[in-house]
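Participant: Chain by chain, the residues run as shown.
Protein chains: 2
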Amino acid sequence: MRLSRYFLPVLKETPADAQIASHRLMLRAGMIRQASAGIYSWLPLGFRVLKKIERIVHEEQIRAGHIPMLMPTLQSADLWRESGRYDDYGEEMLRIKDRHGREMLYGPTNEELITDIVRAHVTSYRDLPLTLYHIQWKFRDEIRPRFGVMRGREFYMKDGYNFDLTREDALHAYNRHMVSYIRTYERMGLQAIPMRAASGPIGGDNTHEFLVLADTGESEVFYDAAITDLRLGNREVDYNDREQVAAICAEFTTPYARTDETHDPAVFEAEVPPERRRQSRGIEVGQIFYFGTKYSEPMGATVVNEKGERVHLHMGSHGIGVSRLAGAIIEAFHDERGILWPEEVAPFQVGLVNLRQGDAGTDAACEQLYAQLQAAGVEVLYDDTDERAGAKFATMDLIGLPWRLTVGPRGLKAGVVELTERRTGASEELKPQEAVARLTARFGPRRAEPDAAWL
Amino acid sequence: MRLSRYFLPVLKETPADAQIASHRLMLRAGMIRQASAGIYSWLPLGFRVLKKIERIVHEEQIRAGHIPMLMPTLQSADLWRESGRYDDYGEEMLRIKDRHGREMLYGPTNEELITDIVRAHVTSYRDLPLTLYHIQWKFRDEIRPRFGVMRGREFYMKDGYNFDLTREDALHAYNRHMVSYIRTYERMGLQAIPMRAASGPIGGDNTHEFLVLADTGESEVFYDAAITDLRLGNREVDYNDREQVAAICAEFTTPYARTDETHDPAVFEAEVPPERRRQSRGIEVGQIFYFGTKYSEPMGATVVNEKGERVHLHMGSHGIGVSRLAGAIIEAFHDERGILWPEEVAPFQVGLVNLRQGDAGTDAACEQLYAQLQAAGVEVLYDDTDERAGAKFATMDLIGLPWRLTVGPRGLKAGVVELTERRTGASEELKPQEAVARLTARFGPRRAEPDAAWL
Numbered sequence: 004m005r006l007s008r009y010f011l012p013v014l015k016e017t018p019a020d021a022q023i024a025s026h027r028l029m030l031r032a033g034m035i036r037q038a039s040a041g042i043y044s045w046l047p048l049g050f051r052v053l054k055k056i057e058r059i060v061h062e063e064q065i066r067a068g069h070i071p072m073l074m075p076t077l078q079s080a081d082l083w084r085e086s087g088r089y090d091d092y093g094e095e096m097l098r099i100k101d102r103h104g105r106e107m108l109y110g111p112t113n114e115e116l117i118t119d120i121v122r123a124h125v126t127s128y129r130d131l132p133l134t135l136y137h138i139q140w141k142f143r144d145e146i147r148p149r150f151g152v153m154r155g156r157e158f159y160m161k162d163g164y165n166f167d168l169t170r171e172d173a174l175h176a177y178n179r180h181m182v183s184y185i186r187t188y189e190r191m192g193l194q195a196i197p198m199r200a201a202s203g204p205i206g207g208d209n210t211h212e213f214l215v216l217a218d219t220g221e222s223e224v225f226y227d228a229a230i231t232d233l234r235l236g237n238r239e240v241d242y243n244d245r246e247q248v249a250a251i252c253a254e255f256t257t258p259y260a261r262t263d264e265t266h267d268p269a270v271f272e273a274e275v276p277p278e279r280r281r282q283s284r285g286i287e288v289g290q291i292f293y294f295g296t297k298y299s300e301p302m303g304a305t306v307v308n309e310k311g312e313r314v315h316l317h318m319g320s321h322g323i324g325v326s327r328l329a330g331a332i333i334e335a336f337h338d339e340r341g342i343l344w345p346e347e348v349a350p351f352q353v354g355l356v357n358l359r360q361g362d363a364g365t366d367a368a369c370e371q372l373y374a375q376l377q378a379a380g381v382e383v384l385y386d387d388t389d390e391r392a393g394a395k396f397a398t399m400d401l402i403g404l405p406w407r408l409t410v411g412p413r414g415l416k417a418g419v420v421e422l423t424e425r426r427t428g429a430s431e432e433l434k435p436q437e438a439v440a441r442l443t444a445r446f447g448p449r450r451a452e453p454d455a456a457w458l
Numbered sequence: 004m005r006l007s008r009y010f011l012p013v014l015k016e017t018p019a020d021a022q023i024a025s026h027r028l029m030l031r032a033g034m035i036r037q038a039s040a041g042i043y044s045w046l047p048l049g050f051r052v053l054k055k056i057e058r059i060v061h062e063e064q065i066r067a068g069h070i071p072m073l074m075p076t077l078q079s080a081d082l083w084r085e086s087g088r089y090d091d092y093g094e095e096m097l098r099i100k101d102r103h104g105r106e107m108l109y110g111p112t113n114e115e116l117i118t119d120i121v122r123a124h125v126t127s128y129r130d131l132p133l134t135l136y137h138i139q140w141k142f143r144d145e146i147r148p149r150f151g152v153m154r155g156r157e158f159y160m161k162d163g164y165n166f167d168l169t170r171e172d173a174l175h176a177y178n179r180h181m182v183s184y185i186r187t188y189e190r191m192g193l194q195a196i197p198m199r200a201a202s203g204p205i206g207g208d209n210t211h212e213f214l215v216l217a218d219t220g221e222s223e224v225f226y227d228a229a230i231t232d233l234r235l236g237n238r239e240v241d242y243n244d245r246e247q248v249a250a251i252c253a254e255f256t257t258p259y260a261r262t263d264e265t266h267d268p269a270v271f272e273a274e275v276p277p278e279r280r281r282q283s284r285g286i287e288v289g290q291i292f293y294f295g296t297k298y299s300e301p302m303g304a305t306v307v308n309e310k311g312e313r314v315h316l317h318m319g320s321h322g323i324g325v326s327r328l329a330g331a332i333i334e335a336f337h338d339e340r341g342i343l344w345p346e347e348v349a350p351f352q353v354g355l356v357n358l359r360q361g362d363a364g365t366d367a368a369c370e371q372l373y374a375q376l377q378a379a380g381v382e383v384l385y386d387d388t389d390e391r392a393g394a395k396f397a398t399m400d401l402i403g404l405p406w407r408l409t410v411g412p413r414g415l416k417a418g419v420v421e422l423t424e425r426r427t428g429a430s431e432e433l434k435p436q437e438a439v440a441r442l443t444a445r446f447g448p449r450r451a452e453p454d455a456a457w458l
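For the protein sequence lines, the chains are A and B, in the order given.
Quick note on numbering: the numbering used here labels position 40 of the first sequence as 43, and the sequence is numbered without any gaps.
Quick note on numbering: the numbering used here labels position 200 of the second sequence as 203, and the sequence is numbered without any gaps.
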């Protein structure tokens, strides 16, 4: 993308009402703009990040055997009366009347709607196990929205629902989600620690939240420092292998890790040696629940089992905050100059800076590099504007692309361009063709995950 | 995808309330399920089609130089008061009050919100031309929603907005959209004819609708038969070349083609020889508008031009009905047995039918074919269920995958499998490896459009 043809409205001033780093940086980097309280437009740069996060979530859900679909944003109040939640939910539910006076609502979550679909079409144990999910806009009418997309009112969430014959099957689905979530966050460069949590309005006893450690987190967390050494990495996971999946969950949930809601100081002190006890803050980026028949009983969602008996489905629900993750990643990765995007979610992989726009030789070298990198499948933002070098560097630092390729007349005279890593600041001079080869090897066209190529 | 692990709730009965083919077939093929009046869930098969349509729209917009972003579904009423449309819009606008009593609405379109963004950040003629677009859910509170996703209340639409310095620049943007739309529809296998239209609540004098000819269309259309011979095909289009783009528009708009709203019988008879006069029905799948300063004046969206004068932006807006297209494509392509998907938007490219599930040799042959096709990047739905052959064929015909690969013990004994084209019904027996080679050559991994790989 040529910056001169793009829409990247970076702000020089720090917006006064933005209290945390991610909110400030998303506004300053031209990623978002507030449309109304707690409701944001995703400007082009922010939209790219959102799509990259969304794609990783899709790929890992599909890898775990979960099936994507899409439910609407607006739901009928009648379904929520069946579960009893229409009256329970309180003022955070946005209630709407259509032109015929029918009561509707903007879905904050979808347990009722998905249960309605499944009870209509799934009749036999042979149709199970089944996990359906979608990524859709939700609404929660927060009384005081703040922190930008971290606590917005209209937000983008992946929510998935498992339907199983037995409690054991449903607990395997729960574990499968835990492992797929750990992998999802790791791919975004994040360590999100599963912590025993409270269930809130979803219900159920088994629930874990996933928290990214950050000073600006809304939750107080207590954990065993040993947990921060755990990585799933590139382990081959067979999501149908109950023992393997359960073992990974045990590995990640055995060290003490709880939010203030479930924290038990006595257990903490008994289990964790003093030098490994940590108290910190965390940002919640996901939560999983097993709640058994809480919805299938009132809504009559049953199947016939192997013995011909009609039994209620065992269910769970599982959410990842997709729009919130954009903010959480920035909270985890930024410095005083701007964002430090992990490569997998960076809006562009490389920023190409022309130090002397209008100089024929420099322009020609930049055009060639831009064309070669684009042809190789590298995502490049080419700053072809007339700004001076300092302003160009400041913008690149602010928007946080992982690599900067700097081209100027002096370097070209010596036959070199400069490649700079944003995270470390380390720079290297090398021949233009070496730079292309290096970046192509790193970012060249990645084949889509086989089952997700159609997304 | 293995059908035994998928969620494909096909219906044996034709739903009584579905009046047109696409609505009936989308319900019967397990693509959609009504959530409430005019509001649908997209079940897994339907979701795949929706995503494929969405991707083509994105790719062609990006190819034309338009920039993707994302605006929220809910908007503040205040912005719509600035343009004067809040009171004008009538009962089709879904009006909402939040917990603080603030007036909001579910966006039916986004002229006001995008103008608000642009007026805040675009100040100079040097920032132009600029075309921003998004694909987002919209709501129109139809008094009598019907025809499934063709006239739903919650619908998925691409809407784009151009901002230009002059009327001439804006008319080039208008033409650019026309050409990109023709290409978009052609990629989906559709001929959508640009017809001079009336502008309605968007405003402006220059507007064309794009109509797919179909008996079930809601519009009456009158056209010169010569227009149905026009194809854009794979012509190289330089979207910055005003003359080339204008010439293509002239080619596609010179033959008479109008909806009943703008039809003029005298002109029709004067311009079109009797043997080429056609009267038919059409489905609207898109519309483009140039409306000048209709929004920029009341909302104060200006830039400073080359002479230092402050001038109002010239604008247009341009929409493609993404969810509606799923229905329109089915209206155009179906037979008495089911859907006939064009290859580019088919939910899967190949249906693999095991005629004797449980027979070791047949199962092994199917597994191998399935693995090889998947590895080659072909999208396969493998019917590995216990259904009898007739039922499997009926399901494949209903859901309309372009190719069926049938594997049974008798054929395997002779060393062959059967490859059948859904559209023609033509079948061919060939060796399994030949079938893999044939399908791989046709569907093997297509590299994403260079600039759209991140989507």
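Worth double-checking, as some hints may not be accurate.
Straight-line distance between alpha carbons at most 30 Å, and here's what the computed DSBU-like set of lysine-lysine pairs gives [to be verified]:
#1 Lys54/A / Lys54/B
#2 Lys15/B / Lys310/A
#3 Lys54/B / Lys15/B
#4 Lys434/B / Lys416/B
#5 Lys100/A / Lys100/B
#6 Lys15/A / Lys54/A
#7 Lys434/A / Lys416/A
#8 Lys15/A / Lys15/B
The set of hints was computed from the structure by calculation and includes no laboratory data.
Computed from a prediction, not measured in an experiment: that's the story for all the values here.
Participant: It remains to establish, for every hint, whether it holds in the given structure.
Facilitator: Each hint, compared with the structure:
1. Lys54/A / Lys54/B: holds (13 Å)
2. Lys15/B / Lys310/A: Roughly 26 Å separates the two Cα atoms, so the pair holds.
3. Lys54/B / Lys15/B: holds (26 Å)
4. Lys434/B / Lys416/B: Within the cut-off at roughly 11 Å; holds.
5. Lys100/A / Lys100/B: Holds: Lys100/A and Lys100/B sit about 10 Å apart, inside 30 Å.
6. Lys15/A / Lys54/A: Holds, at roughly 26 Å.
7. Lys434/A / Lys416/A: This hinted pair holds, its Cα atoms lying about 11 Å apart.
8. Lys15/A / Lys15/B: It is violated: about 62 Å lies between the C-alpha atoms, which goes past 30 Å.
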